Amino acid sequence: MRSEKPNHAPLGLKIATAAGLAFMHLPILLIFLYAFTTEEKSYQFPPPGLTAQWFAVAWSRPDVWAALTLSLKVASIATATALVLGTLCAAAVSQTRFFGREAISLLVILPIALPGIITGIALRSAFSIAEIPFSFWTIVLGHATFCIVVVYNNAVARFRRISGSLIEASMDLGADGFQTFRYVILPNIGTALLAGGMLAFALSFDEVIVTTFTAGQQSTLPIWMLEELIRPRQRPVTNVVAMIVVIVTFLPILGAYYLTRDGDKVAGAGK
Amino acid sequence: MTTVAESFPLPERRGTAGRLSDFFWRHPHVLLAILLGPPLIWLGIVYLGSLFALLLQSFFSIDDFSGLINYEFTLATYRQLLSEANLDIIIRTVAMAALVTLASAVIVFPIAYYAARYARGKGKALFYLAVMLPLWSSYLVKVYAWKLILAKEGILTWFLAKLNLLWLLDAWLALPIVGGSSLSISYTGTFIVFVYVWMPFMILPIQAALERVPANLIEASSDLGGTPAQTFRHVIFPLALPGIVAGSIFTFSLTLGDYIIPQIIGSSRLFIGQAVYAQQGTAGNVPLAAAFTVVPIVIMGAYLWMAKRMGAFDAL
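Chain order of the listed sequences is A and B. Residue numbers for the first sequence follow this note's numbering, so the first one is 1 and each next one is one higher. Residue numbers for the second sequence follow this note's numbering, so the first one is 272 and each next one is one higher.
Since the hints were derived computationally from the structure, they do not count as laboratory data. Just so we're clear, the structure is a prediction, and the values are computed from it rather than from any experiment. All C-beta atoms in this analysis are idealised placements derived from N, C-alpha and C, irrespective of residue type, glycine included. There's no promise every hint is true.
Said to hold, decoys possible - Restraint ranges, calculated between C-beta atoms of paired labels, are given here:
#, chain 1, residue 1, chain 2, residue 2, range
1, B, Asp441, A, Glu102, 25 to 35 Å
2, A, Ala22, B, Ser539, 49 to 59 Å
3, B, Ile362, A, Gln217, 34 to 44 Å
4, B, Asp441, A, Ile132, 49 to 59 Å
5, B, Leu510, A, Phe181, 47 to 57 Å
6, B, Leu358, A, Phe178, 35 to 45 Å
7, A, Pro62, B, Ala396, 36 to 46 Å
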């Protein structure tokens, strides 16, 4: 623990920090402004007028709804898969010692440490070698692969904080392995898993690079947006969708933050 | 553990769950296999298998006449990879990734430093959220936002016009290499968007490294007469370096493989990611695409090895 923090940051540091944070946030805020612009044909700034009519237009677009539903479905199933696999892996790595433990953590991180395009093209060529047609499930397979690491990281961090003596106490008091898991381990890792799942959901909901390789004719919401970016057809609808995507991804991130914020207060931590 | 169980026989548990629990206790390896099996099958076989299959294809070649893959071991594809045009793509991408990483480190360092040393309590939580939200918010939305900003009729031109600085923008665009007919189709535009999108990944590793710098070292340095600049140069920076390297892994790797940003905001000259995409898609030359993917893998391998030697993984 550090003794005391200095009170006043130098002015230069304050300015550099404020400028950096402004650089990170202002472009996203701009999306909110553009969702209300009356201008249809260009990205004119300042907007000539403000209107909420594009929300109604976007609402009645079947292609937007189809893309949104597909994205939500893919993200849910990929998250569920990643939750199971990531937790199993984290339990094995943190609760036991075995040969090749280091290699496992590297293996889990690999799908996001390597550029997404490599994961994408590797899966695509594997599908074509194995003659698997592109479908909903090929998208899910790709997403689950890189979502595992998010769950794994959250779970491993929490497993490390659970004191081993708690588990031993449970066993000493006569609980079997399943009871220990149900009543001691699960309540302690629950929030970490929920947080990991939320982040995995946000990651999957937004993924585009791997998806372009593993999706056939279907488009998830990011693929829909990518097509609009390359060949803009109806800019106001894209603006509205962009704003909705920002909101949909913010909610799970905020949720994950509030769930892991009190992570230090795990029972038995610090003993 | 098994020896204890054998020398002090405990009463057997009843019921399937109880017996199963006993079985796992006596045979921890079976439990380990059950835990590790599914993720290992998924990642080790499906994912690594696909990767190896891809790498294998880089040793095949494509028949120039029929356009079909010739399944014979050859290094011809690698010779093709090292042709002048392709080397250009590789050098351009690596140079861009290096510049993006450097710029990100410079922009991000003050934020991480402030968060680590001055923010506390509620302010610290707020800082964390302020970093996490842009980090996790949608990639495409971020790129889209910059398309709005850099467009000719967009906010940047409007802002510069208000400040009477349009001549500066025109002068910059007139420069060779970094210029172009507009920001959204120049390397400058690509660079800005790359920095914007990947920069947040660097903050948390640097902040973590800075938080581990003991305050008394900094005090000692100033007690011994070090100026703030000297303290920074000889105490803070060397101790933060593993964190910077750890963060740079993300910015570097992500820039190396990206093919969407240069496609949407940039000149028509290709980056590695775009080359891979074009080779496997329209050109149908999967072996060359595979050989192209070897480049980032090798570069990242070397990068990770160097980072590990500098102790960057402890900072993650």
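Against the structure, the hints:
For the pair B:Asp441 and A:Glu102, the beta carbons lie near 54 Å from each other, so the given range of 25 to 35 Å is not met. Distance hint check for A:Ala22 and B:Ser539: the Cβ-Cβ separation is about 32 Å, which falls outside the suggested range of 49 to 59 Å. The hint said 34 to 44 Å for the Cβ distance between B:Ile362 and A:Gln217, and at roughly 37 Å that hint holds. Checked against the hint of 49 to 59 Å, the C-beta distance between B:Asp441 and A:Ile132 comes to roughly 53 Å, which is consistent with it.
Between B:Leu510 and A:Phe181 the C-beta distance comes to about 41 Å, which lies outside the given range of 47 to 57 Å. In this structure the hint that B:Leu358 and A:Phe178 lie 35 to 45 Å apart at CB is violated, the actual value being about 59 Å. For the hinted restraint 36 to 46 Å between A:Pro62 and B:Ala396, the CB-CB distance of approximately 42 Å keeps it satisfied.
Checked against the numbered hints above, the structure violates hints 1, 2, 5, 6; every other hint is satisfied.
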